[in-house]
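Participant: Sequence:
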Amino acid sequence: FLVIVTTVFREKVEDKLQQQNLATAKEDLKLLEINVTQMLERLSNQVFALHQHLTDPQLENTDLQNRKTYPYCSESWVLFNASCYFFSTDKLDWNASRNNCTSIGGHLVIIDSEEDYSSSWDKSYWIGLTDQKTEGHFLWMNNKHLDENKM
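Everything in the sequence shown is counted per the working numbering, starting at 640 for the first residue and increasing by one.
Mixed in with the good hints there might be a few duds.
As the list claims (entries may be wrong) - Pairs of lysine to any residue residues, derived as SDA-like cross-links and limited to a Cα-Cα distance of at most 20 Å, are as follows:
id	residue 1	residue 2
1	Lys655	Lys665
2	Lys730	Leu747
3	Lys665	Val675
4	Lys730	Lys772
5	Lys665	Thr646
6	Lys772	Leu747
7	Lys730	Ile743
8	Lys665	Glu653
9	Lys669	Lys730
10	Lys783	Asp751
11	Lys772	Asn738
12	Lys730	Tyr764
13	Lys783	Asp770
14	Lys783	Lys730
15	Lys772	Gly744
16	Lys669	Glu653
17	Lys772	Ile743
18	Lys655	Thr645
19	Lys665	Asp654
20	Lys783	Gly767
21	Lys772	Asp786
22	Lys655	Glu666
23	Lys772	His784
24	Lys655	Ile673
25	Lys655	Ile643
26	Lys651	Lys669
27	Lys669	Leu679
To be verified - Derived CB-CB ranges, DEER-like:
id	residue 1	residue 2	range
28	Tyr711	Thr663	33 to 41 Å
29	Ser727	Thr676	39 to 47 Å
30	Thr645	Gln677	26 to 34 Å
31	Asp770	Thr663	32 to 40 Å
32	Ala662	Leu689	37 to 45 Å
33	Glu666	Gly775	36 to 44 Å
Simulated from the structure, these hints should not be mistaken for laboratory data.
Every residue gets a Cβ at the ideal spot worked out from N, C-alpha and C, and that includes glycine.
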């Protein structure tokens with residue numbers, strides 16, 4: 640009798656572990672599906688924009704030359720000084736904005752020059768500068784120190 644009870648108990652424990660493993664695997668699969676869907680959406684947007692750009696009869700030769708030298712920006716991104724910028728209309732705090740940028744393949748802007756800074760946009764946006772690690776000690780998203788002489 641004890642052997643039967645032990646066997647039944649062990650089977651129930653194994654069944655519970657299998658259910659937990661299955662639930663974890665389903666969660667992992669769902670996250671992978673979300674990531675793949677986002678990547679496919681971005682790729683689809685890029686292919687569509689590239690197709691539109693290449694089939695545009697108004698395409699000027701200088702624009703074509705610029706596209707050879709500068710990166711191609713996805714639709715709804717802005718090309719400025721050989722970099723692509725995305726201006727979100729979402730009202731988020733700094734951390735959520737940073738995470739949002741990362742999720743779409745970017746990062747909060749790093750201002751390297753006075754030209755970047757002086758081309759200020761007509762609205763307020765988060766930039767990739769923080770003193771979260773040490774109060775009063777500012778670091779850019781690439782972990783470079785803020786050079787106050789440049790600003």
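Participant: Checking each numbered hint in turn, tell me which of them this model violates, lowest number first.
Facilitator: Hint check: 4, 5, 9, 14, 15, 16, 17, 24, 26, 29 and 30 fail, others pass.
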